[in-house]
Each structure stands twice: as structure tokens, then as C-alpha cells.
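Going line by line, the protein sequences match chains A and B.
1 is the number of the first residue of the first sequence in the numbering used here; add one for each residue after it.
575 is the number of the first residue of the second sequence in the numbering used here; add one for each residue after it.
Fair warning: there could be bad hints in the mix.
[Said to hold, decoys possible] Here are the computed lysine to aspartate or glutamate pairs in the EDC-like style, where the Cα-Cα straight-line distance is at most 16 Å:
id, chain 1, residue 1, chain 2, residue 2
1, A, Lys-436, A, Glu-482
2, B, Lys-632, B, Glu-668
3, A, Lys-542, B, Glu-668
4, B, Lys-632, B, Glu-612
5, A, Lys-341, A, Asp-517
6, A, Lys-532, B, Glu-676
7, A, Lys-190, A, Glu-324
8, B, Lys-690, B, Glu-676
9, A, Lys-542, A, Asp-516
10, B, Lys-597, A, Asp-472
11, B, Lys-602, B, Glu-689
12, B, Lys-602, A, Asp-472
13, A, Lys-542, A, Asp-472
14, B, Lys-632, A, Glu-491
15, B, Lys-596, B, Glu-668
16, B, Lys-597, A, Asp-516
17, A, Lys-436, A, Glu-491
18, A, Lys-263, A, Asp-278
19, A, Lys-118, A, Glu-82
20, A, Lys-478, A, Asp-443
21, B, Lys-602, A, Asp-443
What the hints contain is simulated information worked out from the structure, not anything from laboratory work.
Owing to the predicted nature of the structure, the values given are computational and were not obtained by experimental measurement.
Listed below, chain by chain, are the residues.
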Amino acid sequence: MTTSMTPVDMPTDAENYRHSQYLTVFQEVTRLISMVHEPQQVMDMVVSTLPGLLDLEGATIRLLDKATNTFVVGAARGVSPEYLSRAYIDTAEVLAAVRRGEPASRSGLHLEGDERSKEAIAAEGIVSVLSLPIVYKDEVAGLVRLLSKRPRTFSRMQVEFCMALAEQIGIALANSRMHEEMAQQISYLKAVRHISQLVNSTLDLNQILNAIVQQLPPIMEVSACTIRLLHPATNRLELMAASGLSDDYLNRGSISREDAIFKALSGEPVAIYDATKDVRVNYHEEILQEGIKSILAVPLRSGSEVIGVLRLLTAYHHLFTPAEIDFAMSVAEEGGNAIEKARTYRKIELLFNQIEEHERFLTTIMDSLWLQLLVLSPDRRIIMVNKMFCKTHGIAEKDVLGRDYHEISPWASPRREDCPVDRVFTDGRPVAILDKLSHGDHDLWFERHLSPIFDDDGKIEIIIEAVRDITDQKLLEKEKLEKMKLQGVVEMAGTAAHNINSPLFAALGTAQLLVDDISDQQTMAELQLIIKNLRAIGALTKEMTAVTGFESKDYVGDARIVELTSSPWHPAKT
Amino acid sequence: MTNTGANILVLDDVPDAVVLIKKILERKGYLVSDFTDEEQAIAHAANHPVDCAILDIKLKKMSGVQVLARLKEINPAIRAIMLTGYPTIETAREALDLGASEYCVKPIDKQELEEKVAQVLA
Numbered sequence: 001m002t003t004s005m006t007p008v009d010m011p012t013d014a015e016n017y018r019h020s021q022y023l024t025v026f027q028e029v030t031r032l033i034s035m036v037h038e039p040q041q042v043m044d045m046v047v048s049t050l051p052g053l054l055d056l057e058g059a060t061i062r063l064l065d066k067a068t069n070t071f072v073v074g075a076a077r078g079v080s081p082e083y084l085s086r087a088y089i090d091t092a093e094v095l096a097a098v099r100r101g102e103p104a105s106r107s108g109l110h111l112e113g114d115e116r117s118k119e120a121i122a123a124e125g126i127v128s129v130l131s132l133p134i135v136y137k138d139e140v141a142g143l144v145r146l147l148s149k150r151p152r153t154f155s156r157m158q159v160e161f162c163m164a165l166a167e168q169i170g171i172a173l174a175n176s177r178m179h180e181e182m183a184q185q186i187s188y189l190k191a192v193r194h195i196s197q198l199v200n201s202t203l204d205l206n207q208i209l210n211a212i213v214q215q216l217p218p219i220m221e222v223s224a225c226t227i228r229l230l231h232p233a234t235n236r237l238e239l240m241a242a243s244g245l246s247d248d249y250l251n252r253g254s255i256s257r258e259d260a261i262f263k264a265l266s267g268e269p270v271a272i273y274d275a276t277k278d279v280r281v282n283y284h285e286e287i288l289q290e291g292i293k294s295i296l297a298v299p300l301r302s303g304s305e306v307i308g309v310l311r312l313l314t315a316y317h318h319l320f321t322p323a324e325i326d327f328a329m330s331v332a333e334e335g336g337n338a339i340e341k342a343r344t345y346r347k348i349e350l351l352f353n354q355i356e357e358h359e360r361f362l363t364t365i366m367d368s369l370w371l372q373l374l375v376l377s378p379d380r381r382i383i384m385v386n387k388m389f390c391k392t393h394g395i396a397e398k399d400v401l402g403r404d405y406h407e408i409s410p411w412a413s414p415r416r417e418d419c420p421v422d423r424v425f426t427d428g429r430p431v432a433i434l435d436k437l438s439h440g441d442h443d444l445w446f447e448r449h450l451s452p453i454f455d456d457d458g459k460i461e462i463i464i465e466a467v468r469d470i471t472d473q474k475l476l477e478k479e480k481l482e483k484m485k486l487q488g489v490v491e492m493a494g495t496a497a498h499n500i501n502s503p504l505f506a507a508l509g510t511a512q513l514l515v516d517d518i519s520d521q522q523t524m525a526e527l528q529l530i531i532k533n534l535r536a537i538g539a540l541t542k543e544m545t546a547v548t549g550f551e552s553k554d555y556v557g558d559a560r561i562v563e564l565t566s567s568p569w570h571p572a573k574t
Numbered sequence: 575m576t577n578t579g580a581n582i583l584v585l586d587d588v589p590d591a592v593v594l595i596k597k598i599l600e601r602k603g604y605l606v607s608d609f610t611d612e613e614q615a616i617a618h619a620a621n622h623p624v625d626c627a628i629l630d631i632k633l634k635k636m637s638g639v640q641v642l643a644r645l646k647e648i649n650p651a652i653r654a655i656m657l658t659g660y661p662t663i664e665t666a667r668e669a670l671d672l673g674a675s676e677y678c679v680k681p682i683d684k685q686e687l688e689e690k691v692a693q694v695l696a
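Could you build the full structure based on these sequences and the hints that come with them?
Dropping the structure here:
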């Protein structure tokens, strides 16, 4: 089907020329959009072209700032800065129409304009305005305002043309935002990789926490960052690291009961636009004093478990975008895994230190013992030895460990069947042995205790052999025995001497009295012989009472005789 | 020179020894009272003058040192010669501390005994 135009409907040359101009501008706009991704160029081109094309004095483009829900200047031509900076752009009715996506045209502003901007409008001389929404994907992204200093109306074609241009601006803005977001995503990916490398390059928990709170704020263009971790034992949140915040603010009190924390701990991010008033956070006064405007709280995860909360704080009002929230979540996840790894490492390190400490403690005890200690494995190899053993036998620990017991033990029986170690392994009962070793010209005595240690299954896991050198004790016992013998001999000699001395005294004295009484020379000589021998006995008994030692000597056959040693200082000798 | 007529108390648990000492000293002119029982000897000293006591260390119930202590309580001026068949440093020191003049070991020669008594009484 074809349509044809009557001569009456045919456009005039002027109209054709204007149409071609519209087309040229439109082509230029679309060319710019496809060639460059900078919406500012598109907006500048539109505001500089439209006044001439539509016989206007000025044109402005304002963009919607979602954060403040206001329209801010994107591009302008033909108007003064004073006019641009007026407080109110247009009447509420006009702005409402624009927000609905509808164009709104007004004329005679010099007669009945917006009361709130009357002076600015009058000073600029604006009389007629066409306001057009910049719509993209059913959302108003800004508005285009075409300004005239004369009373005028806009034709349907003009409005539609401008609406089409405004839509192109919307596309340009959307493209730009998309590119910006893509660039930001790439930047975030790089940042995530950087932070990931940083936190995974160490197992030091404090280094990881500090890396996150220091690195993240400049990347996300926020002023502060905090990390709180749930204490594994108490499950309470504890502030572990922070940047960009005063001590007073950090010490304001517990935030465990804040809704934002509850939500973050349940695994969801919480973005707060106005932290000074939002009920999801407490301490509004402190927040205000610290100059904090917006907060993003995200869960710190290790696998599926939430282990804490990461908070980002801004010094300006900021509506966190999904990309920003995703990025913060990614960093928190990377950080969470690294934190958990560091915590696990710290636990392992602690356990390792404890084991080392126990080992040191055990070694100190073993090495402090005067006993020689050997620990044997079931294959009769030495697995532990104390310092006393090494010192006594002049052997290094490294030369003992792992060696066969029979190669190392100086007490090992040459006959394997007599080996007490084998006996303990066979019977499972402890064994005590008294052993004597010849050492040069003297003997050494040892008391050996071999005790089995059983595992959970009742099998012998190790045998501990404790060997005590009791040579000194043996020598003392021997000395004591000798002393007792001497004491017995001394007492026996003393008693014998005492019992002899009194009758001897009587006999000697009587013989001496007799010598005084007789005159017969023969009898006198015999008495002198008796006196001489009694004196000899007396001398012997004196020796006996002064005994300080004795020596056992061979006598005749198997019999032995005691030779007494006496002190020259004894009363019997003085 | 002898101090004849001096009163001497002799105490020994062996009667033969007491008899012998008495014989030896009486020949020298001393007045000798001999005892084998400690209490009797102490009682005698309490009731009679005694110039010198010759005491054995080992007696039946008491030691010669203990008897010397009792005699010194009765008469601090009493002189004493200790006689023992089993000399020890302890008994020698104790006896000398209590004022014994001599500490002699049996068997003692007759002549040595006479000399010691004469020296003690001099």
C-alpha cells in the first residue's frame, strides 16, 4: 500500500529546509553517541544547536542526582550563571509533569512566573519555556529546558523532535553510565585481586586486617573502614582494625545490638544513606560529631560462615551502587577467608608452641634427673635419652638416637636371652635389676628399672629404662658395715680388757706385796717372773682399751686373726 | 714423804681389788675403809672423815664419777684417785672436771699406787 500527498499537504521549501536541519542535528547527536562515550559532548552539542535551530535564546540540560533527588546542571547555553544557580528550577507542576515523563510548555513567565524564582527569571528576561524529560528505560534521568525571551508556542513537531533529542541524551547518559560501571568493575576487579594478593601473602592476622582497612577506603572513595570479628569463644563482636576514625568514635560503645549489624551478621549487606538519622544504626550524635554521612556494612565470610562485619563510612552522603556493594562483598569474602586462614595458622602456631613448650619442659625434667634415662621403641631402638646418660658415657645424643639398644646400653647382657628389655616386652611387667660394672680398678653399682608404657590397645608402646648409679650408696653401706665391725671389735676388746684388768690388778698387786714379804731368792725370782708376765698382760689390755682400728689377717689354715691398731693419745696410753 | 694416818676410802666392785689396795695402803700407815657397795661408801663418807677416795669407775649400781660427785657434795675438800680397767676420754674428762686428782688405769703397779696416794695427800 502506498500513500500520496496532495499539493495542499505538501511541505513548503522552508519546512523542508527546517526538517533537513532537524535531521542533520539528530544525525550529529546519534553520531556523537555512537562515536564517543562522553555524554558531556552530546549535551553541549544539543544546548548549542537547539537555540539557533528553534529560534530560542537559551537551552539547559539538568541531570537528576538520585542522591539528593535534585536536578543539577549538566550543560547550558545562552543563560547567565546567576540564572542557573537559582534555588528553584520550575514550578512543582512542571517538575511533576517532567518526572512523569511528559513535556511541559509555559509562556508569559514575566507575567505569572514561579513566585520563588520571579526575580531571577525577570532578570534573565525569560518569557517562554519548554521543559522536556530525559527518559531512559522508563526512568527520568534529567530534563531539557528550552528558553525564549519572547512569548511563543512550540509546534508538535518541535516538541517531538526535542523529545527525540532528549531521549538520545538519555541513551548517551545510559551508555556513559554503562561504560563507567564497566570501567569501575574492571577497576574493582583489579582492586580485589590486589587486596587478595595482599591478604593472602601473609598469615599474620594483624597484617591482613590492617591491609584491608588501609587499602579499601581509597579504592572505594570512602573515608573510613572498620573490621569487627566474632570472638570464637564468646561469639561477641570485637573491633579488630580501623582506619580514618577517631579513638573517641571507636570507643563510643557496643554496636552489637544495631539492626545494621544483625543484618550484616545474617549475611546481607546494609547500605545507609543518612547515618545521622537512620534507625538501623545507633549513636547518631557520635556519628554526626565524627562527620560520618553514609555507611555500608557487609558480612565478612569464611566459606558459608559469617565471621564478622566490614563497615565502610563516608564523609559525604552517598548512595552505594550495586557494583560498590558487590565489590565490598567480594573484598569482605576474600578478607574473611584470609582472616580465617590466619586464625587457623595462629591456632596451629599456638598448639605448636604449646607442644614445643611441653617438650622443653619434659626435656628439662629428664635432663635434670640424676638418673640415666633411656626410652626404647618396640623394635629395641633408642628413641629418647637424657643428658645424664650422654654425659656419663661421653656420647652425643645424635649418636644414640635410632641405634639398637644392645649396641648402646653398657648394661645390656651379652646373652640376648637374659636381656631384661626382652623380658619386659614379653611379660609386660616392670623389672628392677641390681647390676655391677667393672670400671678400671673399682666396681660401679647400678640399680636399673625397666617400665613398660602401654598404648590404648594395651600393647607396649615404649619402655623406659631408668638407671641409678648406687656406687656411693654401696660404698657407704660397706663403710658402715666396717664401722660396725670395728665398733664390735673395740667394744669386745674394751670389755675383755676391763674384765681382765681388775683381777689382773689384784694378782699383780698381791704378787708385789709378796715380794716385800719374802726373803728366799728362789721364790723371789719366780715371783718376779710372775710380776713380769702380769705386767705384759697389763700392757696388752691397755692396747685393747685403746683400739681405733683392726686388720684381719691370715692365721693358720682357714682361721684368721685380728691385728689391732690403737691411738697413742688414748687415756690408757697416757 | 707420806701422810700417815690419813683416812682413805676405797670403793671397787671387785672385792679382791679392794682387799689388795687396803693391804698396800695400810702397810704405808693409812687408815683405809674398803667398800664394794656405793651407798655404803657414800654413807661412810657422810659420817666419817675421809681425806682421799680411791674409786673404781665401773661399779655395781652407779659409776665412780657419780659417786665422786656425791662425795664432793658431802665434802668438797675430799681428794680422789679414779681407777679403771676401761679408760675412756669421756670418763677421764668428767672425773677431772669434778675435781679428781688422778685418773689411773688398772693394772697399776703397787709402787705407782703408793706414789700417787702420797702425791695426792701431800
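Evaluation of the provided hints:
no.	hint	result
1	A/Lys-436 x A/Glu-482	violated, 21 Å
2	B/Lys-632 x B/Glu-668	holds, 14 Å
3	A/Lys-542 x B/Glu-668	violated, 20 Å
4	B/Lys-632 x B/Glu-612	holds, 11 Å
5	A/Lys-341 x A/Asp-517	violated, 122 Å
6	A/Lys-532 x B/Glu-676	violated, 25 Å
7	A/Lys-190 x A/Glu-324	holds, 14 Å
8	B/Lys-690 x B/Glu-676	holds, 8 Å
9	A/Lys-542 x A/Asp-516	violated, 26 Å
10	B/Lys-597 x A/Asp-472	violated, 59 Å
11	B/Lys-602 x B/Glu-689	holds, 11 Å
12	B/Lys-602 x A/Asp-472	violated, 63 Å
13	A/Lys-542 x A/Asp-472	violated, 36 Å
14	B/Lys-632 x A/Glu-491	holds, 15 Å
15	B/Lys-596 x B/Glu-668	violated, 26 Å
16	B/Lys-597 x A/Asp-516	holds, 12 Å
17	A/Lys-436 x A/Glu-491	violated, 34 Å
18	A/Lys-263 x A/Asp-278	holds, 14 Å
19	A/Lys-118 x A/Glu-82	holds, 13 Å
20	A/Lys-478 x A/Asp-443	holds, 13 Å
21	B/Lys-602 x A/Asp-443	violated, 67 Å
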